[in-house]
Every structure is written in C-alpha cells, then in structure tokens.
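Here the protein sequences line up with chains D, U and F, keeping their order.
Residue numbers for the first sequence, in the working numbering: 1 to 284.
Residue numbers for the second sequence, in the working numbering: 1 to 329.
Residue numbers for the third sequence, in the working numbering: 1 to 338.
Rather than coming from a laboratory, the hints here were simulated on the basis of the structure.
Idealized CB from N, CA, C, for every residue including glycine.
Among the hints, a few may not be true.
For each label pair, taking beta carbons as the anchor points, the in silico distance ranges come out as [stated by the list, open to error]:
no.	chain 1	residue 1	chain 2	residue 2	range
1	U	43	F	244	50 to 56 angstroms
2	U	2	F	204	32 to 38 angstroms
3	U	263	F	326	39 to 45 angstroms
4	U	63	D	122	31 to 37 angstroms
5	U	43	F	338	47 to 53 angstroms
6	F	327	D	188	43 to 49 angstroms
7	F	322	U	134	48 to 54 angstroms
8	F	244	U	134	40 to 46 angstroms
9	D	134	F	154	54 to 60 angstroms
10	F	154	U	119	42 to 48 angstroms
11	F	18	D	122	21 to 27 angstroms
12	U	306	F	322	31 to 37 angstroms
13	U	124	F	154	41 to 47 angstroms
14	U	110	F	301	40 to 46 angstroms
Calculated pairs, PhoX-like style, for lysine-lysine (alpha carbon to alpha carbon, straight line, at most 25 angstroms) [claimed, not checked]:
no.	chain 1	residue 1	chain 2	residue 2
15	U	3	U	33
16	U	261	F	195
17	D	177	F	285
Partner residues aside, some chain D positions facing chain F, computed with beta carbon under 8 angstroms [what the hints assert, rightly or not]:
no.	residue
18	82
19	168
20	171
21	174
22	175
23	179
24	180
25	184
26	188
27	194
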Amino acid sequence: MKGFLDYVKRNPMLGIGIACLVLLLGFTLIGRLFIDRNLAYKMTTERNIAPGEKYPFGTDAQGRNLLAIMVYGSGMTLEIGAIAGLIGLGTGILLGFVSGYFGGGMLDMIITGIVDIFLTIPGFLILILVATTFKNITLTPPTMGLVVGLVSWAGPARSIRAQVLSMRERPFIMMAKLSGMGSFEIIMKELVPNLLPFLVMSLSQSVYGGVMASLGLEALGIGSRREPTMGMTLFYVNYYSAFIIGNWWWIFEPVVVIILTLVSLVLMSIGLDEIANPRARRSV
Amino acid sequence: MSKLLEIENLKAYFYVKAGTVKAVDGISLELEKGSKLGIVGESGSGKTTMALAILRMIRPPGTIQGKVSLDGVDLVTLSGEEMRKTRLSQIAMIPQGAMNCLNPVMRVKDQILEGLIDHGVRMSKSDSKERVRALLETVDLNAHVADMYPHELSGGMKQRVTVAIAIAMRPKLVIADEPTSALDVVIQRQVMDTITRLQKELGVSMVLIGHDMGLMAQSVDRLAVMYAGHLAEVADIREMFAEPLHPYTKLLISSLPVLGKRGVFLGIPGVPPSVINPPPGCPFYVRCPSRIENFCNIEAPKYQEIKPHHFVACYLYEPSARVKEGGKK
Amino acid sequence: MTPLMELRHVYKVFGGKLGSPKANVALDDMSFAVEEDYPNIITIAGESGSGKTTMLMLLLGFYEPSLGEVDFRGKNIYKLNKDEQIDFRRNVQAVFQDPFAVYNPYYKVDNLLSIPIKNFKLASSKDEAYRMMSEALTKVGLRPEETLGRFPHQLSGGQRQRIAVARALILHPKLLVADEPVSMVDASLRATLLKQIRELNRDLKIPVLYITHDLTTAYHVSDYIMVLYHGSVMEAGDVEKIISSPKHPYTQLLVNSIPWPDPNHPWGEAVEATRRVVTGNQGCKFLSRCPHAFELCSASVPPLYQIGNGESVARCFLYRSSGVLEQEKLSSLFPARE
Chain D
1 MKGFLDYVKR
11 NPMLGIGIAC
21 LVLLLGFTLI
31 GRLFIDRNLA
41 YKMTTERNIA
51 PGEKYPFGTD
61 AQGRNLLAIM
71 VYGSGMTLEI
81 GAIAGLIGLG
91 TGILLGFVSG
101 YFGGGMLDMI
111 ITGIVDIFLT
121 IPGFLILILV
131 ATTFKNITLT
141 PPTMGLVVGL
151 VSWAGPARSI
161 RAQVLSMRER
171 PFIMMAKLSG
181 MGSFEIIMKE
191 LVPNLLPFLV
201 MSLSQSVYGG
211 VMASLGLEAL
221 GIGSRREPTM
231 GMTLFYVNYY
241 SAFIIGNWWW
251 IFEPVVVIIL
261 TLVSLVLMSI
271 GLDEIANPRA
281 RRSV
Chain U
1 MSKLLEIENL
11 KAYFYVKAGT
21 VKAVDGISLE
31 LEKGSKLGIV
41 GESGSGKTTM
51 ALAILRMIRP
61 PGTIQGKVSL
71 DGVDLVTLSG
81 EEMRKTRLSQ
91 IAMIPQGAMN
101 CLNPVMRVKD
111 QILEGLIDHG
121 VRMSKSDSKE
131 RVRALLETVD
141 LNAHVADMYP
151 HELSGGMKQR
161 VTVAIAIAMR
171 PKLVIADEPT
181 SALDVVIQRQ
191 VMDTITRLQK
201 ELGVSMVLIG
211 HDMGLMAQSV
221 DRLAVMYAGH
231 LAEVADIREM
241 FAEPLHPYTK
251 LLISSLPVLG
261 KRGVFLGIPG
271 VPPSVINPPP
281 GCPFYVRCPS
291 RIENFCNIEA
301 PKYQEIKPHH
311 FVACYLYEPS
321 ARVKEGGKK
Chain F
1 MTPLMELRHV
11 YKVFGGKLGS
21 PKANVALDDM
31 SFAVEEDYPN
41 IITIAGESGS
51 GKTTMLMLLL
61 GFYEPSLGEV
71 DFRGKNIYKL
81 NKDEQIDFRR
91 NVQAVFQDPF
101 AVYNPYYKVD
111 NLLSIPIKNF
121 KLASSKDEAY
131 RMMSEALTKV
141 GLRPEETLGR
151 FPHQLSGGQR
161 QRIAVARALI
171 LHPKLLVADE
181 PVSMVDASLR
191 ATLLKQIREL
201 NRDLKIPVLY
211 ITHDLTTAYH
221 VSDYIMVLYH
231 GSVMEAGDVE
241 KIISSPKHPY
251 TQLLVNSIPW
261 PDPNHPWGEA
271 VEATRRVVTG
281 NQGCKFLSRC
291 PHAFELCSAS
301 VPPLYQIGNG
311 ESVARCFLYR
321 SSGVLEQEKL
331 SSLFPARE
C-alpha cells in the first residue's frame, strides 16, 4: 500500500482520478444500503420540492426523490459505461491482437478494412438507429451498455493493432519464436503482459466513451424512460424545463455526478498513460 | 603551455532512497589549451555524469562539489544565469546520441541559429545566412544542407550538424560524448577527421568521451581512464599504450584485438561495480589480479603523479603502501 | 553431403518488385551454404544497408526471400512438415545485439533458458532442467544463485548477454547466428564473451555466423570473412589475409577506417573518391565511391575474381586477368579446418 501511495505522489493525476472514482462508488454503493430502490421510481405528489429536511436532494417534476435517483442512477450510468467499455475493449483486443500479430496478411487487411469503415461512420447515428429500431425492448442498463459497446470497438482495435505491430519486431519476440513458442502462446504470454498498462488505460478510455455515448442517447430520450440514469435525468430536466421553473437542484446534482464521473475517468486515463508509455513519464 | 580547464576534486553525488550514488567521486583533471583529452570508461564509470557536472547540468537529487575552473573562472560558483551564458558560448557539449536529438520540425539553419539568437547575437538576414554557410563548410557539409530537415540527412551528416551547432559561437571547450558510436566505421572515421581538423583550425580544446580505446588511440593527446567514478590513470596517449601502469588499464589494453595478434582472449573477470553505496577502498579491488589482500579495500589509493605527466591511483605505485604492507606481514 | 543450411540464389527486395527503380534490393543473388559440425567461424561483415541483417533474418526464417530458396537440410524452410519445422527451429539459434531487448521485462531471466528447454523437451524433469541451466551458467562465468530468479533490469548488460550465450550452450543447435553480440557490451567483457562463442564453435563443433560491422572483433574471433556492400559479396576469404591485405577498394576503405588501439598505427589513407553522381550505372555498386573506377566498371557487374591461389575472391575488374569463381561456389572458400 505504501508503495502505491508513494507512486501516487509522483503521479497525482492517477491518484485524483482513482479518488474521485472511489468517492462515486462509495456514494452509490453505500447509499444503496440506506435508500430503498423504489424511491427512485415512485412518484409522489410532492413535486418540485427544493432540498430540505424531508428530501435532502429535493424532488423532481414527477415527484421522485432525487437522492434516490442520484444514488442509484450514478451507479447505473457507471454500469452502462463499464459494460460498453468492456465489450468495446474486448472486441477491440481480439481484433487488434489478431490483425497486429499476423500483420500484413489477408486477415489483417480484412480486419483493418472493416475497422476503418466503422471508424468513418458516425457511431452516434448508428446508436440512434439501433436504439430506435429496438424501441420495444426495454433498454435496461445492460442492454444500453451492449448497444453502445457495439460501436466502440473500432478505436481500441486500431490502437492495439498499432501497439502489437511495433512490439512484434522486438528481439524478445524473435527469441520467443526461436524458443519454439507458437503464435497464440506468444500473444498470450509475451505480448499481453507487456501491453497490460496500455490495455488498462484503453479500458478507462472505453468506459469514458461509453458513459458519454449513453449520456448523449439518453439526453435525447433514447433509453429506458423509467430508469433513473444520469442521462435520463438530463432528459427530464429538459422535458420539464427545469431551468425555467427554477429547479436548480435538479440540474445541479446530475451535472455534478456526471462531471465527477467523467473527470475521474479522464484523470485515470492520463495517469495510466504515464505507466503505459514510459516516454511520457514526467518523473523518475 | 597554459591550462584551460582545471578540475579539482569534483564530486557528483545523487541522494536517492536506496542510498547515495557516487557517480563521480573526487576527480582532478587538467586540460591544456588547444589539446584533446580523452575520457574512457565502461558503463557506470561516471564519464557522462562528469561532463554534465562540468556544465552544471546535474539536477536534484544530484549535487556537485569541488572546483571546475575554466580559464580561471570557477564554474561551480557562478550564478544560474551566468552559467547559462557560459554554455554554448564558452563550453559546448555534443551529447550522446545528439544526432537523434535534432528537432525534426526545424530546418538545419534554424537549429544552428537558435543557440546564437538565444545568446543575444543579432545579425542581418544575409549575415546569418553567411554564418550558417561558413559553419557548415567547416564541418564539411554542403551549403544546401542549411535548408534541409534532419530526417533528410544521413547519420554522419546529422552528427556533423550537431558539431556545427556546438562550435557556432567559437567556444573555448567542446565536450563530445560518444560522438560516433552509432555510426558505421567509414563514416566514423570521416566525422572524426572533420572534428580533428577543425579542432586544430579553430584552436578549440576538446574533451572526447567514449568507450572505444581504438578511437582514443587515433584521436586524442592525453587519455584519462575512469572506473566507478574514480580516475584510475591519466597519461599521454602514447605512454598510456606503451606503459600502462594501473592494473585495470593494463588488462583493458591487453584485451583489445590488434593486427597480428589473433585468437588470444583476455577479458577481465567479474562485472563493473555498482556505484550505489560503494564499499570503501579501491573500486577495482574485486577484479584486480594484483590486489593486496585486506589492504587495498580499506582506503582508496591516492591519485598521484608517478612519472612526469603520468598519474595513477594505485597502491602498487605508492611507496608508503609497501611500508604498510611490510608492517602488516 | 547436404549442407545444413543453404541460401540458393536468394534475392530480397523491399518496397517494390525486383527490377522496379524504387525497389531496395537488400540482398542480391546470394548463394551460400553452411555445413554441419563445422568448426570455424565465418564473419558476415558490412555497414548498415549492406544486407547482413537481411541475410540473418532470411536464415532464421523471419523474412521470406523475394526470389530463390532458403533450405534446411536440403528442404525449403517454407515447405517443411510439422516435425521438420520443430527440428529447424530447435537447430538454428541466435544471439542478438541488444542484451536487454531479448528479454521480456515481465519475466525472470530464467525464462530465456527454461522455455526452450521445455518446448524442445531437452530435460525430463524440472530438476534436470535446473541442473542444465546451472551448468551452462557456470560455464559462461556466471553464478547461478546470483542470476537465476532475477529480473532483466537487475542484471548488467554483460551478464544478460552471457545468459544468452548460455542458452545457446544448452540448446546445442546445429547453427548459431550471432548478430553483433558484443557491440553493446563493455570492453572488459567483450573478450570473455567472444572466447565463449569461439569455444562453442571449436569444442561443440557448432558453426557460427558472426555478423558485424566491427572488423576488429571479426579479426579477433573468426576464421573467414565475407564483406557485403549493398547486398552483394565484394570480397571473401581468410580473415587474416583479407584484413592485413585487402584487395577490393571497398574492403581497403573499410580496413583503413579501423581505429586500431595503437597510437603508432594511425588510420590508413581513406582512399575514397568523392561520390560521383552516376547515371545509368549497370555495373559495379561501388562505382560512385571507387578511386580506381574505369569504363568497364559501369558497363557490367564484375564477377568474383580469384585472388592468388584462389583462397579468396574480390568482385572487382582490377583483377580481371584472374579466373572467375561461380556465385554458387562461394562457400568453397571456407573449407573446414582446425
């Protein structure tokens, strides 16, 4: 632990990022122990109440307890981001390693071609198309995550391929081949450990992308209307003209949570980048 | 003959968590005006650190102690601003791998002029063009190289550009750290020829740092052999090869391949020592075939002039050592 | 007798097809064979761009020839069956230049030795493997208890390179290719490492191809040498003779540029013509830098002319009165000898 703290002193970005994330997770997980889930869905007659004793976070225009919404919703948005990130990165890793390691051949050309096409198509449009087509299916956070993940694999695939291509020429890979290791073995045992810092950084970037995409979709109303995610909250803020009726708390709270989420992910990315990329190191 | 550079008991210590790294541990050297001094040593010998210490480019947790006097001025006591002005205009350095440190997005002429402008030199456009052309000519480069970018140049050409940058302000001293180590042998020879020629022409004093004894034999007047932050031996180049005194120097020279002598492999057993928290005594003790047991490892031998202009740090040449040894027996 | 490895009229081209103007011909019609149990070391010398690294990569099967064939025990290495492939991999090994880059920084150095032992089934148990590793490490002058179990960054460059040589000892391959094995190692350790490579060659009869641009170490450790320039052999033969008395102008330039560690033996005259721009050169590759060039040199590519009693060859029209050695017979210049 001490070593970790020492390192964080030299890499403050990572430290702050992790601290924010821990704060958020603490908020959502511990909060769930105290607040009943139904309160996030149940609509009462007490609408548009400013934060006070009864409702510490106030209520929204539909009469829902905003504290409950924040506690559960922040976790849900993170969940969507995490699922999207994992799916995107997972697919990206698979394709990236395969096309990178066997670079130059037919397989690589096909995969890279598909990746490049995907990169040029605006992912957001695809998301809107997909989400609105499947309007009938209730978009729960996991489903949202899946949908968003579908378009976020191309970027990681490309960057991982680039990393693998450059590693491939290194002498230790040549040695591995001379030692009789097979291709799959080399990828798993030699390349992956070396790329682990890069992959973790890519994960935080993917999760960030996932959260952003879900926020964008939900703010447009594409998502599960009932779920109290941050994005849906923004949608309702807009729908019920919270600015005009002066419900500042309704705007303030989700924005703070969103900023905290995104900032923590970005800082972690930057901090991890320093580990992953020795040349970016600022301190010894 | 006057002395340009006088280094007295220079030390560069780094205080890190694991202990104290004594990268340079008490070096005293002199450089005559207009001469070439070679500094040879293996990894961990401290030769690059020493060059950086002379230029006061050691950052915390490193510290510099001692005296480094350039033409009578003690560099260690100068203020930060004064030292900055001294660099490039009085002492220039061609660092290791310099050719890879050229700015890839600046043309050669701009990189040469950059240092000059920084030191307050103001010239008209035509004057700067002429200055750059003249500099390039001194390093055997064609004038049209001025408008080129580093990636358009070959390794040897890039290295010559770094030499041009170094001599742009006609410094008194140029320190070159492994200037040719990445170059092919033919280009290496050409670049060294260029450096030798312009050194004579401009009367610049030069310190050449390297690990190639062969290159030293061909290029320098005097040679200093460093080992683990200490000076083992310093002598004129011919005398160094003809009559090496320090056991390390002897072993080093005999391990080198020479025409006519094939198939004899004499390496030095063991590994160069680590300079973190070094043990007391002579740093070469562990690997020295002539060591005096339980004596040489107590206190480091003094660096002394054993023959005219020939300095060694070894108890084999210290008369007092014999007495002590005799006494111990 | 089928040679162990053979390059047969191999061409390797980058950036285009053979014959196109922008193509870079890294290796130009190389025919070379190595016999099994061959107790001599052959140096493949050249500067950057000479083709020596390309040759190494072709021999190890990491590059595919653009034209021609690379054979292992008479069979094309790209047409070997599963067992033959394993046989090839196991029997052709290398020591590389950078003592750090051959290790995966995440694993202990033991990996470099234990993985091939496991994959090639050289030991029947973990204990036997450990014993083999310890023995080999001791042979190269290292102490197993001080080296095994460490990570690469905890050891010095010299120690790491010695482990790489120990690996070759354990594997006992039929061919060892050493790519600048001592250029990144401290001077005091070079001689020891070269000695071990030499012992590998002499005692275990493992042919060694020593790839370098440093003619001093080549002189020191090898028996024969072939000098490459832009993908072609310029001179080849006994290393002592060629370095003390080079015949090809390029070799002369190289030898004269060697910084001998003897202040009384200065650099020779760097006899090199200022590079001429030669258009339409159909002949010798060294034309633009050669001080002795004449019309014949640009008209056609000189063949390998025999020097003296034919113990060496030089690809230069200066020797056109001598007999010619066919390209394919290059290896006859390197007969096995004690």
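Going through the hints against the structure:
Judged by the Cβ atoms, the range 50 to 56 angstroms given for residue 43/U and residue 244/F is violated: they are separated by roughly 32 angstroms. Distance hint for residue 2/U and residue 204/F: a CB-CB separation of about 60 angstroms, inconsistent with the stated range 32 to 38 angstroms. A C-beta distance of roughly 32 angstroms is found between residue 263/U and residue 326/F, which places it outside the suggested range of 39 to 45 angstroms. At roughly 57 angstroms, the beta-carbon separation of residue 63/U and residue 122/D lies outside the given 31 to 37 angstroms, and the hint is violated.
Taken as a hint, the range 47 to 53 angstroms is violated for the pair residue 43/U and residue 338/F, whose Cβ atoms sit roughly 37 angstroms apart. The hinted range of 43 to 49 angstroms is satisfied by residue 327/F and residue 188/D, whose Cβ atoms lie roughly 44 angstroms apart. With their beta carbons about 49 angstroms apart, residue 322/F and residue 134/U fall inside the hinted range of 48 to 54 angstroms. A hinted range of 40 to 46 angstroms for the beta carbons of residue 244/F and residue 134/U is consistent with their spacing of about 42 angstroms.
Range check, residue 134/D to residue 154/F: Cβ separation about 56 angstroms, and the 54 to 60 angstroms hint holds. Checking the proposed 42 to 48 angstroms range against residue 154/F and residue 119/U shows it holds: the Cβ atoms sit about 44 angstroms from each other. Judged by the Cβ atoms, the range 21 to 27 angstroms given for residue 18/F and residue 122/D is violated: they are separated by roughly 44 angstroms. Separated by about 56 angstroms at the C-beta atoms, residue 306/U and residue 322/F break the suggested range of 31 to 37 angstroms.
Residue 124/U and residue 154/F have their C-beta atoms about 58 angstroms apart, which leaves the hinted 41 to 47 angstroms range violated. Between residue 110/U and residue 301/F the beta carbons are some 43 angstroms apart, a value that agrees with the proposed interval 40 to 46 angstroms. Between residue 3/U and residue 33/U the CA atoms are separated by roughly 6 angstroms; this keeps the pair inside 25 angstroms, and the hint holds. With a C-alpha separation of about 14 angstroms, the suggested pair residue 261/U and residue 195/F falls inside the 25 angstroms cut-off, and the hint holds.
Annotation: proposed proximity of residue 177/D to residue 285/F is violated, straight-line Cα distance about 35 angstroms (limit 25 angstroms). The interface hint given for residue 82/D is violated, since its Cβ lies 26 angstroms from the closest Cβ of chain F, which is over the 8 angstroms cut-off. For the restraint placing residue 168/D at the interface with chain F, the shortest Cβ-Cβ distance is roughly 11 angstroms, beyond the 8 angstroms limit, so the hint is violated. Restraint check, residue 171/D versus chain F: the minimum CB separation of about 4 angstroms is within 8 angstroms; hint holds.
For residue 174/D, the interface hint holds, since its Cβ comes within 8 angstroms of a Cβ in chain F; the closest pair sits about 7 angstroms apart. The beta carbon of residue 175/D comes within 5 angstroms of a beta carbon in chain F, closer than 8 angstroms, and the hint placing it at the interface holds. Taken as an interface hint, residue 179/D checks out: its beta carbon lies about 4 angstroms from the nearest beta carbon of chain F, inside 8 angstroms. Proximity of residue 180/D to chain F holds as hinted, the smallest CB-CB distance being about 3 angstroms (cut-off 8 angstroms).
Look at residue 184/D: its Cβ only gets to about 14 angstroms from chain F, farther than 8 angstroms, so that hint breaks. Violation of the interface hint for residue 188/D is found here, the shortest Cβ-Cβ separation to chain F being roughly 12 angstroms, above the 8 angstroms cut-off. The beta carbon of residue 194/D is positioned within 8 angstroms of a beta carbon in chain F (closest approach about 6 angstroms), and the interface hint is therefore held.
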